[in-house]
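Dock chains G, F, Y, S, V, D and B against the given chain R, drawing on the hints supplied.
So the chains spell out like this:
8 protein chains.
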Amino acid sequence: MNSDSIRKLFEQVRRGKISPDDAVQRLRHLPFEDLGFAKVDHHRALRVGIPEVIFGEGKTRFQFAEIFARLARHGNNVLATRVSKEQFAAVKKKNPGAEYRALCRTITLQRDFKKYGKGKIAVVSAGTSDIPVAEEAVATAEIMGNEVEHLYDVGVAGIHRLLAKRRVLFDARVVIVCAGMEGALPSVVGGLIGAPVIAVPTSVGYGAAFKGVAALLGMMNSCASNVSVVNIDNGFFRDRLFTPII
Amino acid sequence: MNSDSIRKLFEQVRRGKISPDDAVQRLRHLPFEDLGFAKVDHHRALRVGIPEVIFGEGKTRFQFAEIFARLARHGNNVLATRVSKEQFAAVKKKNPGAEYRALCRTITLQRDFKKYGKGKIAVVSAGTSDIPVAEEAVATAEIMGNEVEHLYDVGVAGIHRLLAKRRVLFDARVVIVCAGMEGALPSVVGGLIGAPVIAVPTSVGYGAAFKGVAALLGMMNSCASNVSVVNIDNGFFRDRLFTPII
Amino acid sequence: MNSDSIRKLFEQVRRGKISPDDAVQRLRHLPFEDLGFAKVDHHRALRVGIPEVIFGEGKTRFQFAEIFARLARHGNNVLATRVSKEQFAAVKKKNPGAEYRALCRTITLQRDFKKYGKGKIAVVSAGTSDIPVAEEAVATAEIMGNEVEHLYDVGVAGIHRLLAKRRVLFDARVVIVCAGMEGALPSVVGGLIGAPVIAVPTSVGYGAAFKGVAALLGMMNSCASNVSVVNIDNGFFRDRLFTPII
Amino acid sequence: MNSDSIRKLFEQVRRGKISPDDAVQRLRHLPFEDLGFAKVDHHRALRVGIPEVIFGEGKTRFQFAEIFARLARHGNNVLATRVSKEQFAAVKKKNPGAEYRALCRTITLQRDFKKYGKGKIAVVSAGTSDIPVAEEAVATAEIMGNEVEHLYDVGVAGIHRLLAKRRVLFDARVVIVCAGMEGALPSVVGGLIGAPVIAVPTSVGYGAAFKGVAALLGMMNSCASNVSVVNIDNGFFRDRLFTPII
Amino acid sequence: MNSDSIRKLFEQVRRGKISPDDAVQRLRHLPFEDLGFAKVDHHRALRVGIPEVIFGEGKTRFQFAEIFARLARHGNNVLATRVSKEQFAAVKKKNPGAEYRALCRTITLQRDFKKYGKGKIAVVSAGTSDIPVAEEAVATAEIMGNEVEHLYDVGVAGIHRLLAKRRVLFDARVVIVCAGMEGALPSVVGGLIGAPVIAVPTSVGYGAAFKGVAALLGMMNSCASNVSVVNIDNGFFRDRLFTPII
Amino acid sequence: MNSDSIRKLFEQVRRGKISPDDAVQRLRHLPFEDLGFAKVDHHRALRVGIPEVIFGEGKTRFQFAEIFARLARHGNNVLATRVSKEQFAAVKKKNPGAEYRALCRTITLQRDFKKYGKGKIAVVSAGTSDIPVAEEAVATAEIMGNEVEHLYDVGVAGIHRLLAKRRVLFDARVVIVCAGMEGALPSVVGGLIGAPVIAVPTSVGYGAAFKGVAALLGMMNSCASNVSVVNIDNGFFRDRLFTPII
Amino acid sequence: MNSDSIRKLFEQVRRGKISPDDAVQRLRHLPFEDLGFAKVDHHRALRVGIPEVIFGEGKTRFQFAEIFARLARHGNNVLATRVSKEQFAAVKKKNPGAEYRALCRTITLQRDFKKYGKGKIAVVSAGTSDIPVAEEAVATAEIMGNEVEHLYDVGVAGIHRLLAKRRVLFDARVVIVCAGMEGALPSVVGGLIGAPVIAVPTSVGYGAAFKGVAALLGMMNSCASNVSVVNIDNGFFRDRLFTPII
Amino acid sequence: MNSDSIRKLFEQVRRGKISPDDAVQRLRHLPFEDLGFAKVDHHRALRVGIPEVIFGEGKTRFQFAEIFARLARHGNNVLATRVSKEQFAAVKKKNPGAEYRALCRTITLQRDFKKYGKGKIAVVSAGTSDIPVAEEAVATAEIMGNEVEHLYDVGVAGIHRLLAKRRVLFDARVVIVCAGMEGALPSVVGGLIGAPVIAVPTSVGYGAAFKGVAALLGMMNSCASNVSVVNIDNGFFRDRLFTPII
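Residue numbers (the working numbering), protein chains in the order written: chain R, 1 to 246; chain G, 1 to 246; chain F, 1 to 246; chain Y, 1 to 246; chain S, 1 to 246; chain V, 1 to 246; chain D, 1 to 246; chain B, 1 to 246.
Excised from the complex, chain R in its bound form (with noise of 0.2 Å):
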């Protein structure tokens, strides 16, 4: 049942098909999607080119084939995360305008190319191996409609590389930081400048780097103000600016 049949359902209460207390009682027990939050949530999506999103990792091929082709039926633009090199290939024959980017593992069809963030994001990583996490994160904004702009290797052990790029950084309307082993980085850019900075802790290093948890830590800890956390190796992340309210 979506907004027609609700709209049949008043009709039917105006010729008096129905009575109000029996309407009530449907409608209790409509389904919320047509109703509720949901309904209203799919409307701005088509509206705002939102893409619809797939985590590949814990799917068969099967499964995921499958899901891609629902959601690549609807002519939004599709981003799937996680993807393995056989899942792709269950993808690709149907879908040729598909694109895997194999470093960081995401499958891109990209059908609305309209830019809708305002202002850039910039996204930095710290050293070469963060590198596939940042490409997720600059993967997720480009798709979403933001112009973006990446810093490469540009780590607390070499700061003046950084310095050098401040401009990028002041300009940028939120900067993403990928950076695993201490996870200094966020807080070293948290302080340069005014915009929010969302900091993603990578898995890179060893030993008590554990995985990416001394990183997320030090991160949490941050004594910059403005800097947030999301999840270890997490470069999906969906920042005001990658979905404006018209």
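What the hints contain is simulated information worked out from the structure, not anything from laboratory work.
Note that the structure is a prediction, hence the values are computed from the model and not measured.
Even glycine gets a Cβ: it sits at the ideal position worked out from N, Cα and C.
Don't take each hint at face value.
[Claimed, not checked] If the Cβ cut is set under 10 Å, some of the chain Y residues that face chain B in the computed set are:
#1 11
#2 13
#3 15
#4 19
#5 53
#6 57
#7 103
#8 211
#9 224
Using the frame of chain R, we list chains G, F, Y, S, V, D and B on its own:
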């Protein structure tokens, strides 16, 4: 807006005062309380006598007393857990029927004494130190309208004491087992009976007991397949038997 | 020594061949299997058709096949969980009726198809990746003699999909909810219904999901008071409904 | 050495009193405060009215009062967090305009009441016990020059209360969600809106809540992709909206 | 039902007042205390003079005094650990022979001073701060009827002090080593002697000592293969030497 | 420098070739191996037939074979644990008497078959999956010259199987209990007997078993006071009975 | 037995009163203190003026005073850390020269004021709250005979303050950096200089700082390769510069 | 912009082509690389022969080879750590002088063989399995221009082997100690010598060794006050001796 409001809406549509399209629009923004699962929930609460419950910890005396007063107003049973003596003092004056069980720090305000639960609930405590948690479970079960039997001090170290009370365990519809230290008692009870066992790890113990973590892990890994676990020191658990649907 | 042995002991006492004092002495060293809870347990198993269960992991193919053969001999239903393809191959020849569900890695050898459970069990899986765990729960519930309904892909991110299936939840005697990542689904389900919710954290997720620990903690701390938790990825749970006592 | 010093250096070069090579040499050892990002930072602070902030915990009354005095001297708004009553007493005399909010332990000394933020900030607290943390967020946002709306007591257990306030959430530029226990609220809010959600885990809860760790992990693993997380009980967060650049 | 009850049962069978079949039926429900291992255990306790032991923590003064009185009644040695001064006061009046060792918070009520243990027990404490735990071990060993020697302050930092006392270690039947911080002492002792070493991690230390966890882990991973470990600060350990079987 | 060297030193002093003062000086720098505890240790090893032990993991095939050869040269029993098939192959040729137990990955080269241990050692394994660890304990105990009895598959879930073998437990001088999952078996065994129990947590289990951590914690917190614990999956434990001193 | 004893032994051998073989035998049991590394250690202590150090925590006032008295007797500098006011009071009377630094809870009894250290030690504290730990490091370094410079309040959030003091860092032989929260300061300092950096995590911070664990992990994972770490809040560190060998 | 650019700026000021005020303005935005610490750092690197270092893990073969080529171009020594065979193959062709040490997975390209370090560095490994980590330390120290001595297999279990090599330890300027399992060796070494000890926990061990965490904690809590700790398995440590300042 409530049921009546919706009825009025339909009335207005019936009378042609508002078009179906506009009605759909209005409906979309109705507080869900009046339409959805929340209301049903509220009705059910009144119907089956589930007491309202307040968690005392972290609330000021004023906040606590205000919330208690609001709930007591409905004539239902009221249960408050983790209550300090000061919080009870703030409540006692206006609610002379309210009882404070100092051991488990609960307030019970019981008006409806009918037994709703089918069968008995057995609450088992491993050691003397686990009794406060077990008493919270007893208070909860009783005010929900169940018959409860408490087995004291039947830990693994004196397993014969438990076995001597097997009959109580066999007769119970559900057994709540409170234990600290290594938390092995639920496994033993779970192996003895067919009914489900709710394991409550307590923070009793020292050193590597880590305030209930050892017991929690022991219970999570129970080789008895009818054991499920709730939070550490959480004697407040609502079982199916507690909330029968008529 | 079994029931018969004890009877013989009493016979000997009755015939005066052995004094009461000596009989007491002998009795003191009887294997408990023949006197105590274990035997009763065995009888009950035969009576109510609970299947024998084997945990496959960590057993050699030979060990696994031997144990399976021994259990299958009794004519009961047999359930094996965490089974590898190789282990299944070792069993398949002698037990042509044994079925392997590759998704959840269980073997079911069903001979008794009677429904023992009162009411339905709903098994809810949050995402596609949680299905293997949920399927283990389904396999377990079914071979125990229950009617089971599985709700797929109704995670918090698309809560309307869950709400659309509310009827199934309301009708269930117990709901088993499998979820990974933040593990918030059991709280939502627990808030909707009166029946107990068994929360199964899955290792689905990445980074700070810590292979199910985040979901486990989320579920342990659920503010819904009818939620209890079992081990990570542990779809094998035996509820009261699974093991009715006649 | 400051701006003036540099100017003098250039003057000396211009007058030929010092060679370009020597000037380069001197410049190389200039304190960065006078040349680099720090100064810019300072200018920006004056320009946009960001208050100076003091973290009270672990400072002696004397230290605290000294720092407060130094910051108050500039005429800016001053914010102090985690302040004890004793620390406030030490400050109050010399700063009669300073206000102490006992609930969230902040001091605010507000001189500039202009609203700099574009749009509103919604601060959402799950339960009554989360209010102190939420109030710190409110105090921070307000003194930064934002319009703030606080939604009290809209936790997952009573999700209809949240939904009834959806309008506030939809209108917010950023939503700060404070929740303890399983920390599921940000996921639900994140699923409802397009704006970014800053999740603040609180130490509210008991047992396996581990003083906010369970909430933190739940939030880190949120399946809503617009949720990012800050430190436990950390109501002091500076968003982009807080620090607009003219 | 006890031994006598069973004898009566056999008498009834002998006299033909009850059939063997009925007797089997009755026997099946006998409390195991009277038949099984528990009773044997009780007999052994009386025979070998093992003192009864009470864990004081978490018990009210009343509970503690009641339990103490019950145990003291049997004339055995009584040991109580983790006892507060208040708990001792509640016991002292009725048991003038009870001694309180404030350092290790034990009460000992010794009536039987015979030495049962074969050989000596050496109790080794690494630093001055570990002495309270070591004293609990000494109190336990002594009241169990052992000869005990305590080596004070022989930590790894002054290994020559330990070596100077090697003779004591060589002569011991079992060595109990109490150490905090990195917990390396048991490894060193274990490497020196052939007898088993019981390692007791203490919560002495700070920072990353994590209240004994570092010591515990160090001891668990000892490269000396005769080291086994008990709980943090757990000076109460019952070794074979403590409980000789005649 | 060894015993002979020291003797020569004294000879030189006796003959007046070196002054006492110079001798003291030289002695101060003697390798302790020849003077101190190490040598005694070596003598004892030869005397009582303790096998030399090699830990295989992390050693190259060449390193492993070299060390094995060096130890085998002395004619003692040799034990190697955590050995790969490849490591065994590198050893087998030169040591035809060496036996590889694939299940527990040990090599035993036994030349001395005399029983040194007084009394029996019972090795108890909770489940089939714990057998490899238990077998390592058996191999260790046997090559040390003890009589060993292994009780298989007597976990808590089938406690009657354990009780049926009580006689073996009562007769043992020390009981080694290997268990995974919740690790409750040592507590039960510890409650039954007077002899010390060495608890070996195994990594058997899944999810919140955390590769043996749950079992480890359960055992550390055992309420049976004669239980001490060794490392996870560490079947190699040397008890006093293993190394009697003549 | 000491050096003299050994000399006497040699004398006896020389005089033929004891045979070389018997002397070897006696020597084997000499306390190592008189022969081995311990004695050398003692000599070195006297020679280079290393103060004796007492760890106050966990010692009774009596124990503390006794140990202090014994050490003060030698005329060396004495350092006591983690000292309570009460412990100081117990010491003050007999040692009028002893100074108590309340901020870092140390007692220093300095008699030898010579500077032994080559070069300066810089002690850097990130924030005001880290000063107590830094002061302990200062006290330690000074009493060891070093010249020390303390840089206050130069955390990452105000990196220009640190850079303005670069000269101090460049000139130091070793830099001790005390920081809490995310513990990023040592990485930044380590990147600036060639000298080794000793990182001291402090327990300053809240929530996910976990009392210094976040700082500790951050420092352990520092991408600056000249950073090594000591225990949380451990300002007592003895560097090579502290203990020069003449 | 570099040194030359600044010189040009001054030239322009000198020639009056640009005013001092404008120059100040321009200077404010200079990349710090050309003004600040970074450049100095670069100069120092050239001057003292510190090799450039690459961390291999997580880099593609192409990335690795590119970075290696760029660094090798400067004629400095080059060190690469955590290098796979494939990465080495990609580098070998163009850099025939590059050596691969398979055991510790490093590449060293040494052109400058001068010894810069004052004194020797001793690298101590506890067991055979710790050698790979120790070898990384050796490779690092050597290419930095130090004389290095490696003591193999001198763990706590055979402490006499360590003591026999005391001379090496006494002579070292710094001692790097690599140990796994309980990580007690650095404490023992630290107690023997005056020089600083860098403790390197290794992931050698099993079960509760938690891949080096037990060793790490043991070392953090060392009672020897000259021990500081680096990351698990982190043989790459740059000490002051490695980087002398001329």
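| Any CB of chain B closer than 10 Å to the CB of residue 53 of chain Y? | Result: violated, 25 Å to nearest chain B Cβ.
| With a cut-off of 10 Å, does the beta carbon of residue 13 of chain Y approach a beta carbon of chain B closely enough for the hint to hold? | holds, 5 Å
| Would the stated hint for residue 15 of chain Y survive a check requiring a Cβ distance to chain B of less than 10 Å? | Cβ of residue 15 of chain Y sits 9 Å from chain B, so the hint holds.
| query | Taking the closest Cβ pair, is residue 103 of chain Y under 10 Å from chain B? | reply | Violated, because the Cβ-Cβ distance from residue 103 of chain Y to chain B comes to roughly 38 Å (cut-off 10 Å).
| task | So, residue 19 of chain Y near chain B? Judge it on the closest CB pair being under 10 Å. | result | Holds, about 8 Å.
| Evaluation of the interface hint that places residue 11 of chain Y against chain B, nearest CB under 10 Å | holds, 5 Å
| said: Hint validation: residue 211 of chain Y versus chain B, beta carbon distance must be below 10 Å. Holds or violated? | reply: violated, 21 Å
| query | Against chain B, with CB atoms and a cut of 10 Å, does the hint on residue 224 of chain Y hold up? | reply | Residue 224 of chain Y check fails; min Cβ-Cβ to chain B is 29 Å, beyond 10 Å.
| said: Please check whether residue 57 of chain Y passes as an interface residue: C-beta within 10 Å of a C-beta belonging to chain B. | reply: violated, 25 Å
Of the hints listed earlier, those the structure fails to meet are numbers 5, 6, 7, 8 and 9, in rising order.
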